[in-house]
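Please construct the entire structure, taking both the sequences and the accompanying hints into account.
Residue numbers (the working numbering), protein chains in the order written: chain A, 1 to 340; chain B, 1 to 340; chain C, 1 to 340; chain D, 1 to 340.
There may be inaccurate statements among the hints.
Claimed, not checked - Simulated pairs of lysine to aspartate or glutamate, DMTMM-like, Cα-Cα distance not exceeding 20 angstroms:
| id | chain 1 | residue 1 | chain 2 | residue 2 |
| --- | --- | --- | --- | --- |
| 1 | A | Lys-270 | C | Glu-195 |
| 2 | B | Lys-4 | B | Glu-207 |
| 3 | A | Lys-270 | B | Glu-145 |
| 4 | D | Lys-270 | D | Asp-283 |
| 5 | A | Lys-270 | C | Asp-283 |
| 6 | D | Lys-270 | C | Glu-145 |
| 7 | D | Lys-325 | C | Asp-275 |
| 8 | C | Lys-270 | A | Asp-275 |
| 9 | B | Lys-325 | B | Glu-336 |
| 10 | C | Lys-4 | C | Glu-42 |
| 11 | C | Lys-270 | A | Asp-283 |
| 12 | D | Lys-325 | D | Glu-192 |
| 13 | B | Lys-270 | C | Glu-251 |
| 14 | A | Lys-325 | B | Glu-195 |
| 15 | C | Lys-325 | D | Glu-336 |
| 16 | D | Lys-270 | B | Glu-257 |
| 17 | A | Lys-270 | C | Glu-22 |
| 18 | D | Lys-270 | B | Asp-275 |
These are calculated hints, taken from the structure and not from any lab test.
There are 4 protein chains.
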Amino acid sequence: MSTKQLNVGIVGAGRIGKVHAETLAFRIPEARILAIADVNREAAQAVAVRCGIPTVTESSAGVLANSEIEAVLICSSTNTHADLIVQAAQAGKHIFCEKPIAHNLGQIDRALAAVEQAGVKLQIGFNRRFDANFARVRQAVVSGEIGTPRLMHIISRDPAPPPLAYIRVSGGMFMDMTIHDFDMARFLIGDEVEEIYTSGGVMVDPEIGQAGDLDTALIVLRFRNGVIGTIDNCRQAAYGYDQRVEILGSEGKIATENCYPNQAMVSTGKMVRKDLPLNFFMDRYTESFTCELRSFVAAVRENRPTAVTGIDGRIPVVMALAARKSHDEHRPVRLEEVTA
Amino acid sequence: MSTKQLNVGIVGAGRIGKVHAETLAFRIPEARILAIADVNREAAQAVAVRCGIPTVTESSAGVLANSEIEAVLICSSTNTHADLIVQAAQAGKHIFCEKPIAHNLGQIDRALAAVEQAGVKLQIGFNRRFDANFARVRQAVVSGEIGTPRLMHIISRDPAPPPLAYIRVSGGMFMDMTIHDFDMARFLIGDEVEEIYTSGGVMVDPEIGQAGDLDTALIVLRFRNGVIGTIDNCRQAAYGYDQRVEILGSEGKIATENCYPNQAMVSTGKMVRKDLPLNFFMDRYTESFTCELRSFVAAVRENRPTAVTGIDGRIPVVMALAARKSHDEHRPVRLEEVTA
Amino acid sequence: MSTKQLNVGIVGAGRIGKVHAETLAFRIPEARILAIADVNREAAQAVAVRCGIPTVTESSAGVLANSEIEAVLICSSTNTHADLIVQAAQAGKHIFCEKPIAHNLGQIDRALAAVEQAGVKLQIGFNRRFDANFARVRQAVVSGEIGTPRLMHIISRDPAPPPLAYIRVSGGMFMDMTIHDFDMARFLIGDEVEEIYTSGGVMVDPEIGQAGDLDTALIVLRFRNGVIGTIDNCRQAAYGYDQRVEILGSEGKIATENCYPNQAMVSTGKMVRKDLPLNFFMDRYTESFTCELRSFVAAVRENRPTAVTGIDGRIPVVMALAARKSHDEHRPVRLEEVTA
Amino acid sequence: MSTKQLNVGIVGAGRIGKVHAETLAFRIPEARILAIADVNREAAQAVAVRCGIPTVTESSAGVLANSEIEAVLICSSTNTHADLIVQAAQAGKHIFCEKPIAHNLGQIDRALAAVEQAGVKLQIGFNRRFDANFARVRQAVVSGEIGTPRLMHIISRDPAPPPLAYIRVSGGMFMDMTIHDFDMARFLIGDEVEEIYTSGGVMVDPEIGQAGDLDTALIVLRFRNGVIGTIDNCRQAAYGYDQRVEILGSEGKIATENCYPNQAMVSTGKMVRKDLPLNFFMDRYTESFTCELRSFVAAVRENRPTAVTGIDGRIPVVMALAARKSHDEHRPVRLEEVTA
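If you want it as structure tokens, here you go:
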């Protein structure tokens with residue numbers, strides 16, 4: 001292992017870029033941020049001041065051209081991910097890229113080819129794999145604690161839908177929201193899905209339907225090893241963010257509860273109550289963001305494979321396309337139908 | 001309301017017949033059992049002694065011919081239900097019949113026609129509607145406590161599969177086990193399902209597959225009002241009986257936990273644990289068996305409609321046929337396809 | 001074991017007498033009620049009709065004189081218990097007596113002496129020992145599951161105080177309410193308390209204080225084996241009846257939650273909530289009333305010792321006296337100080 | 001508020017000193033550590049490297065003499081606290097001091113007098129006040145959510161006793177461990193305790209007894225406002241760290257569960273289980289350490305009173321002395337008896 005710090009550059013100073021910058025600056029001493037780029041220079045500047053980043057640029061080129069920088073975090077908008085991966089790979093940088101790589105398999109394949117050719121490392125930002133709850137569920141599968149998996153359920157509901165303007169460019173609910181759950185399904189079961197059936201609808205906001213998207217869906221996954229899984233998605237849960245999984249195996253089940261800000265239970269003459277769950281992913285997945293970057297930094301410094309590879313970034317996009325196709329054609333769709 | 005006791009006869013002294021006899025004898029003072037019939041006279045005799053039933057016969061005819069008897073409980077094997085309903089209706093008896101009425105819609109329709117013609121009351125033994133947990137969930141839907149329902153999940157797993165000999169005559173998992181969940185789905189949402197998609201498999205015992213049945217399934221229900229539901233069924237849960245439901249609505253969710261024999265939690269140096277759940281339906285649904293008979297007795301004595309009608313008995317059979325057809329044809333199936 | 005039913009008589013047709021009558025009539029086929037007595041003949045008559053009891057009298061003498069009756073249940077007011085025990089013992093009847101035997105040790109000792117002399121069986125109505133939760137805790141102690149006990153906590157709170165008229169004749173909170181907890185403490189730990197310290201107050205209703213009683217108390221128990229226990233009592237819990245215990249042992253702890261009418265949890269935009277607990281002892285301890293009578297009937301029919309003996313009825317009274325003395329004298333009091 | 005960073009020095013680079021250094025360095029951008037001192041220079045050096053602290057000294061004098069330093073964190077052993085407070089105050093530094101200030105009231109009073117004379121701020125390290133669970137309980141009391149408090153319980157058990165060598169200099173369990181609970185009691189109820197009764201013993205390790213200390217205790221607190229509280233302490237809980245509180249008020253109760261590393265529940269054929277709780281204070285109270293320092297830094301920068309004052313540091317020591325006196329003299333002890 002290298003004993004010196006990993007030199008990192010960040011492209012994108014929006015919400016997630018800011019989170020990653022703070023994590024690297026304050027919680028991962030093994031890394032050092034040398035530069036941050038954002039077309040909104042002020043945003044980049046604010047992050048730089050807060051996190052002690054010496055260089056601020058408007059263009060990603062400024063980051064990629066910096067020969068001291070060994071690894072880049074791509075935190076810009078999705079439509080830029082594939083090109084930035086190609087450029088970063090060609091510049092010989094290791095890459096951490098937010099999900100999804102792209103909405104289009106051709107772009108993804110081009111990006112992954114560039115990564116492979118350059119021999120750099122690539123990790124995709126499926127942070128939930130690093131959540132203590134889901135990691136514990138995965139461990140139960142790996143260790144055989146619950147035997148051979150048979151049925152799997154993922155509940156994944158947002159507190160409220162994003163703005164319509166965002167929905168229109170998001171690639172649709174499956175590509176934007178469910179994509180995390182597609183990754184989680186593969187991660188938990190440790191095998192590939194071969195067929196998807198979607199039953200969805202517009203139940204939250206008719207304008208989402210007018211934008212051509214769904215806001216509520218139940219997705220059935222059929223894995224190669226026979227496991228049957230479901231994903232329950234809704235863009236709106238009145239009580240807040242809801243993130244749970246359950247697996248039934250031949251020897252038992254494992255299930256995780258949602259996460260709450262405290263363990264207090266209040267009993268009064270009217271009811272027994274506790275506070276609402278942690279409201280959204282920034283609160284719920286705080287620790288997992290740290291763990292995923294720590295994992296990436298360690299993979300680069302110790303020259304080990306990353307925990308979430310380029311293929312792990314590609315397959316959920318295939319699944320999202322299959323889920324949409326299933327909904328449109330009202331029938332189960334095999335993944336190979338969209339892989340081609 | 002009549003102030004005198006309701007005179008009841010019971011056909012069938014097997015497991016469920018015995019439960020109902022004890023419930024009527026010891027917990028429902030408003031009813032009196034005058035006779036019990038079973039081809040196995042010894043079984044009927046034993047129940048009669050325990051419950052103070054004055055008359056024991058081998059044939060159901062003996063019960064139906066007794067002019068003092070106002071209502072009969074049909075607790076014999078499924079293949080006899082439809083004929084017994086017809087005979088009981090023609091004898092002018094009110095009828096409580098165990099589920100399912102029959103595996104065949106023609107038989108069901110004949111039975112329901114006889115009931116209608118005779119003007120007697122019919123209640124089907126979907127006891128789970130009377131469980132305190134599920135009744136509370138239904139109440140949340142009716143009262144608007146969680147707003148308009150969007151997604152519904154039923155988990156319904158048996159501790160272990162029944163003997164193969166039973167499975168062969170059971171009509172299949174959907175007709176034998178899921179039928180309770182089909183009823184529960186309709187009960188909770190208060191609307192009809194119009195389409196079913198089944199993803200199932202043989203994961204517990206290959207012999208079940210060789211017998212032409214499934215042992216594990218995930219069933220997607222699409223209701224007329226747009227609600228999407230799932231039923232998770234497995235013939236074997238290593239930890240015991242598992243019965244839960246959850247509904248997500250526009251204003252919140254309601255979810256029930258499984259039921260346990262006590263509230264004790266033990267923490268040791270190895271783990272934090274509680275005892276296994278109540279193991280099977282006799283323990284889990286004890287109270288609901290009492291409540292359903294109390295409801296039936298009250299409906300007859302007070303001349304009110306029963307809580308679970310003949311149509312409520314017919315539709316889950318349609319759903320079971322649709323679920324099987326969906327599995328066989330690997331596509332979503334509309335209920336009207338099998339109603340015809 | 002005798003194969004014939006145990007012939008029982010009941011003295012007292014108030015709330016608890018009615019519960020026991022129904023339990024014997026409808027749930028314990030091994031027993032038969034031959035007579036019931038109450039100074040309020042109408043009350044006795046109503047129970048007799050409901051439970052099929054052939055004989056109704058106003059005086060307990062009518063029950064005790066019935067030579068067919070083998071056992072009596074003493075369910076009359078506390079001030080009559082001791083005399084009735086003496087009379088029943090002298091009449092050769094086995095005895096089930098509600099708690100407490102008396103508020104006065106002299107009366108108790110006279111009653112126990114009569115029982116011993118007559119060689120009849122006596123069981124005291126500490127029904128909570130038969131509750132599934134507390135029985136599970138006791139089992140953890142007996143089996144060594146949590147090692148050697150060190151600390152024990154009992155939470156025992158009523159939903160609301162009884163009428164002042166009742167409080168004035170109740171013998172005080174320690175004698176009327178805590179007495180169940182004193183029994184529970186001995187039952188759970190399986191050893192005797194040697195010292196008690198009470199810190200109490202009047203927090204619910206000043207009129208209770210004016211009547212010379214407390215309504216809230218924290219009682220510290222010191223067992224001979226070194227275990228330290230607490231009892232938390234309050235005559236009023238806004239959210240309803242609250243009954244929990246916890247034991248810390250050398251190898252772990254066991255703790256029980258309070259009991260609720262259902263397992264449903266509702267999450268809305270305002271809070272996560274469940275329904276209020278089972279409101280009072282009739283709902284919470286229903287099953288335990290059946291189990292205690294079943295145990296008594298079996299002890300008599302099988303000629304085995306009863307599960308809760310006369311001494312088990314005497315010691316909690318000693319503890320109640322010590323608890324009060326500790327409060328009055330503001331110091332720890334040894335039980336031997338009041339036993340003399 | 002000052003816009004510049006607060007310049008901090010740290011005395012003591014042991015376990016807690018290291019935690020605070022990392023918290024300031026990586027999580028509180030509003031502060032900057034200029035120097036760290038420890039008689040063990042290597043320990044200080046290691047922390048300095050990790051946290052980017054420019055100056056390392058062996059003596060606290062080096063820190064106190066640094067005129068740039070505005071505030072010091074006293075993280076050295078307890079016997080040095082009082083003198084260091086005096087010196088720091090005389091040097092005009094604001095002070096954050098770990099608990100307890102001293103085992104001796106004379107030393108504490110001298111330290112507090114120096115603080116008052118110098119007009120500097122002092123915060124005592126009762127970090128648990130900043131835990132989300134306990135803060136929520138306090139909020140319920142303040143807001144009136146549970147009405148007027150009546151009974152309060154604190155469960156506070158360590159996973160295992162510290163080494164005997166430590167116990168011998170710790171000041172005893174009440175001074176070392178319970179002191180946090182004494183503070184918590186005052187914090188939660190918002191009033192002062194006037195009397196303490198202790199029932200304790202040596203149940204974990206006889207050598208602790210031979211060292212003159214207890215390892216298990218139940219402490220009853222009587223507040224001026226009439227609330228009765230208990231503290232349950234044990235130096236060893238086989239299942240790990242256990243930290244819970246409960247308050248019963250006139251309108252309801254609030255109770256907190258212990259904290260666990262994940263929300264997963266595993267059900268197998270043997271039992272239903274979850275993982276052991278977070279094992280000790282470093283894991284359990286991680287966030288609270290950050291919050292307390294953030295609170296201290298803000299109090300200094302914004303010239304506001306600290307959240308935990310010198311008096312808040314003194315009173316729990318009085319309580320510890322009273323608890324010990326109560327144990328030794330086997331009677332309730334009023335705090336004024338030891339304040340004098």
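Name the hints, by number, that the structure is in violation of. 1, 2, 4, 7, 10, 15, 17
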